[in-house]
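Residues per chain are reported as follows:
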Amino acid sequence: MGKGHVRAPLRGLVLFGLGLGAVPMLAAVVLGVLCGIQSLAEGYRTPLNRYRALVGRWCAVDIPVPYQPPPPPPEPEHDGLYRHKNRLYETPRKPSHERRWAWLARDPATPRDLLWMIAGPLVGSVTALLPPALVAAGAALVWLRPGHPALTVPVAAATVLAGFGSGPSLLHLHGRFTRQLLAPAADSGVRRALVRIGRGGRATWRLALTAGVAFAELTAALVHLLAMFPLLLWTWPTVLSAGRQLTSWRRRQIQEWTGIRIDHPYPPAPALPPPRPGGTYRIGRTLHRSPESALRSLRLRGHVKDPATWRDLLWLLLDPPVAVLLAAVPVVLTAYCFFGLVWSWAWASLLQLFVAFDTFDRWPLLPDDTPVLAEHPAAFAPLIGLAGTLAGCLLAPPLLRLHGLWSRLLLGPTRSALLGRRVDRLTETRTEAQETLSAELRRIERDLHDGAQAQWVAMGMSLGAIEALIARDPDAARTLVRTAQESAARALVELRHLIRGINPPVLAERGLADAVRSLALDSPLSVTLRTDLPGRPERPVEAAAYFAVSELLTNVSKHTEAARVRIDVTHRAQRLRIDVTDSGPGGADPSRGSGLRGVQRRLATFDGTLAVTSPPGGPTTVTLEIPCVLSS
Amino acid sequence: MRVVLVEDLYLLREGLTHLLTAHGFDVVAAVQTGPELLDAVHEHRPDLAIVDVRLPPTFTDEGLQAAHEARRRIPGLPVLVLSQHVEQLYARELLADGTGAIGYLLKDRVFNAAQFVDALRRVAEGGTAMDPEVISKLVAGNAHQEPLGTLTAREREVLELMAEGCSNAAVAHRLHLSEGAVSKHIAGVFGKLGLPTSHDTNRRVLAVLAYLNSAGLD
Chain A
1 MGKGHVRAPL RGLVLFGLGL GAVPMLAAVV LGVLCGIQSL AEGYRTPLNR YRALVGRWCA
61 VDIPVPYQPP PPPPEPEHDG LYRHKNRLYE TPRKPSHERR WAWLARDPAT PRDLLWMIAG
121 PLVGSVTALL PPALVAAGAA LVWLRPGHPA LTVPVAAATV LAGFGSGPSL LHLHGRFTRQ
181 LLAPAADSGV RRALVRIGRG GRATWRLALT AGVAFAELTA ALVHLLAMFP LLLWTWPTVL
241 SAGRQLTSWR RRQIQEWTGI RIDHPYPPAP ALPPPRPGGT YRIGRTLHRS PESALRSLRL
301 RGHVKDPATW RDLLWLLLDP PVAVLLAAVP VVLTAYCFFG LVWSWAWASL LQLFVAFDTF
361 DRWPLLPDDT PVLAEHPAAF APLIGLAGTL AGCLLAPPLL RLHGLWSRLL LGPTRSALLG
421 RRVDRLTETR TEAQETLSAE LRRIERDLHD GAQAQWVAMG MSLGAIEALI ARDPDAARTL
481 VRTAQESAAR ALVELRHLIR GINPPVLAER GLADAVRSLA LDSPLSVTLR TDLPGRPERP
541 VEAAAYFAVS ELLTNVSKHT EAARVRIDVT HRAQRLRIDV TDSGPGGADP SRGSGLRGVQ
601 RRLATFDGTL AVTSPPGGPT TVTLEIPCVL SS
Chain B
1 MRVVLVEDLY LLREGLTHLL TAHGFDVVAA VQTGPELLDA VHEHRPDLAI VDVRLPPTFT
61 DEGLQAAHEA RRRIPGLPVL VLSQHVEQLY ARELLADGTG AIGYLLKDRV FNAAQFVDAL
121 RRVAEGGTAM DPEVISKLVA GNAHQEPLGT LTAREREVLE LMAEGCSNAA VAHRLHLSEG
181 AVSKHIAGVF GKLGLPTSHD TNRRVLAVLA YLNSAGLD
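Here the protein sequences line up with chains A and B, keeping their order. Okay, so the first sequence: first residue is 1 according to UniProt numbering, each after it adds one. Okay, so the second sequence: first residue is 1 according to UniProt numbering, each after it adds one.
Since the hints were derived computationally from the structure, they do not count as laboratory data. Computed from a predicted structure; not experimentally measured. Check before you lean on any hint, since a few could be wrong.
[To be verified] Listed below are the simulated SDA-like cross-link pairs for lysine to any residue, each with C-alpha atoms no more than 25 Å apart in a straight line: (1) A:K94 x A:E42; (2) B:K192 x B:A172; (3) B:K137 x A:T531; (4) B:K137 x A:P504; (5) B:K137 x A:P524; (6) B:K107 x B:L89; (7) B:K192 x B:H176; (8) B:K107 x A:I502.
Given these sequences and hints, build the entire structure.
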């Protein structure tokens, strides 16, 4: 028997005592959340980390700290105010407070900690307390001697020995239990299954909500139809905009719940025409005195002509039966099986211990046709309940998705709406492209005018002076020759810079991959580059991508202290994709910095996109995607 | 010294030919395209080939490709690449075989005829001539890394001139230092970079270039 065996019961006793600390911890968290005191709700983490370390050491298990790094303190905006969501604050206190709450609430370790606080004292303490309990029982037997000494002493000795002997392995068991809850969540089959069932439960709940909201939709549809009566027609715009709010909310919700994206089908609001000479506005054949009434009339006409209005109405009318039909099976199955068979069985069994009447039979006040537990075979009721719940939970997600697909059919934009939007977008990007182009030409003209052109004028003047001096004063002429040469050299340098900004030589000579490699070599950062391009994109796309990467690299070296950057250039599924990842601290705000907006504008001409992901703690990844084909 | 020249612009071709002839070079062929260069090199076996990067018909990096090809066919053929712009990427490719007898200069360098001719002779004799602009980029790209960051400002100047291909005497002349002081600085640089010292200028230059070329590449 080693030192470990002797120490184990004592350590078990200490761990049991410390484990009871979970109760005040839980109380502090609950109190902190209820009263909004952040330090109180978060304060348990320090002692719990100590407990983690102690259990790790004594029970020979490794319990890493699972918490995500805390959010960085808020940085002031350019106007010196601090932003949280869509509000500005004068001091960083409130935004920092909100961030820390969000950090605490979103950390997946927090619910696991809470579960440990509830389950730890009940489950974990058994393994911790058993060794000292055995030792104490053995000692008590020796002390009390209830029976014959010849029997008592060996039994007592055996109990004590069992206490010491089982100590280390029970402690290890305790450690493993603690690790299960307090270490970062590990991926396992059981966990995945539980997550899946949990998702099913959530989907069931959402289906029930969908069916519930469907009644509000039905009401909205009826009010809508009512508002179309001639006498009530003046209420129609109000009803319509309320209805659009409802459908927009449902679109967002369906996307959030099922991931099925339903774009807005509505065209942009119409603009008021210029007033006629008399100061009136002509909408159709009607003249309006005030711009407000003209705008109202214009909108109404737009709504009537807009197919989205009628498709929305159709959906509001049809969704209630569809939603109820889709939701019925899983919701009723899960609700009855879980609450009727599992939940009530558990309570009935518990109450049976304390009350006189048969809790499995019909309760007083319940209607006669309610199915009761006693009608099921007693032992099977919870099993049937669990199986039914499981089936309901597995059935719910595909049905929820089906509801999303059905809604997209009517709530999504029509083909012509999509085309109209595309035309608007093209007009917009074309204007921007023209503006960018002409700005670029102006810049080139200015650079040539102030740079190379001026140098050449200087050179010409020097040559004139040389001609005059060459016979009279050869020494002065020689100095001027040197000046002229310097002017020529400077003009060349300036032209080179200019050309680099118009059409970078390596890009023209070798294509995107080598041009980006050249950028990487010239950058002060340590850049790792991976390119996988089987051919060359069209030249304008190539140039846009090149200047985008150049801008991003400049951004990284200017704005973050990141020293390492990784660039991946790939072409998959007709899209050129470039990821620029830096090792900086993250938390970059994509709305800040005009550089990124400029890149976005340039890419928009090619239907390209720019996405920034920058979680606190890094890394920041900027992803460019441009649809294009490669030529060899 | 016999020279083959490839340059597609008539003015520059004639200008270079005049300049070279004036400094005692013998221009045995002045051609316009990559394949012509390969033929001329094969036929004349010159002491030096001067190559422009952009050539017809595609006006991309045909000259550079032709230079690589010529050196593949005739190992150790001294080649000087001339261009309107210098790129680290191309410099690294030219230096990759580590054998020397290579040069990469901006066309502007022709303005200083004495230094240009000196560079030509150096390349023809198996040395190197790298443009100061490309060398400063190579050094700057590595400046954040450990051993290069520890060099003093003077040692860096010496390193850059050495990497351009200058001998001790040329470095001393450009920095207005004594040759002894230059040797001391060179010893310091080699010590800090952990390179073996050598009395042969070419070998020393190649060691420095190989060092710069290998660093900063991931």
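- Taken at face value, is the distance from the CA of A:I502 to the CA of B:K107 at most 25 Å? Distance of about 20 Å is within 25 Å: holds.
message = Between the alpha carbons of B:K192 and B:A172, is the straight-line distance 25 Å or under?
response = Holds: B:K192 and B:A172 sit about 20 Å apart, inside 25 Å.
- Message: Check whether the Cα positions of A:K94 and A:E42 lie no farther apart than 25 Å.
- Response: 16 Å, holds
25 Å limit on alpha-carbon distance, applied to hinted pair B:K107 and B:L89: Holds. B:K107 to B:L89 sits at ~18 Å (cutoff 25 Å).
Open item on the list: Check the hint pairing B:K137 with A:T531 against an upper bound of 25 Å on the C-alpha distance.
Closed with: Status holds; Cα separation ~23 Å.
Regarding the pair B:K137 and A:P504, is the alpha-carbon distance no greater than 25 Å? 17 Å, holds
Next on the checklist: So if I understand the rule, the pair passes when the alpha-carbon distance is 25 Å or less; does B:K192 with B:H176 pass?
Outcome noted: Between B:K192 and B:H176 the Cα gap is close to 23 Å, so the pair holds against 25 Å.
Query raised in the report: Do the alpha carbons of B:K137 and A:P524 lie within 25 Å of each other, as the hint requires?
Result: OK: B:K137 and A:P524 at ~10 Å, within 25 Å.
Checked against the numbered hints above, the structure violates none of them.
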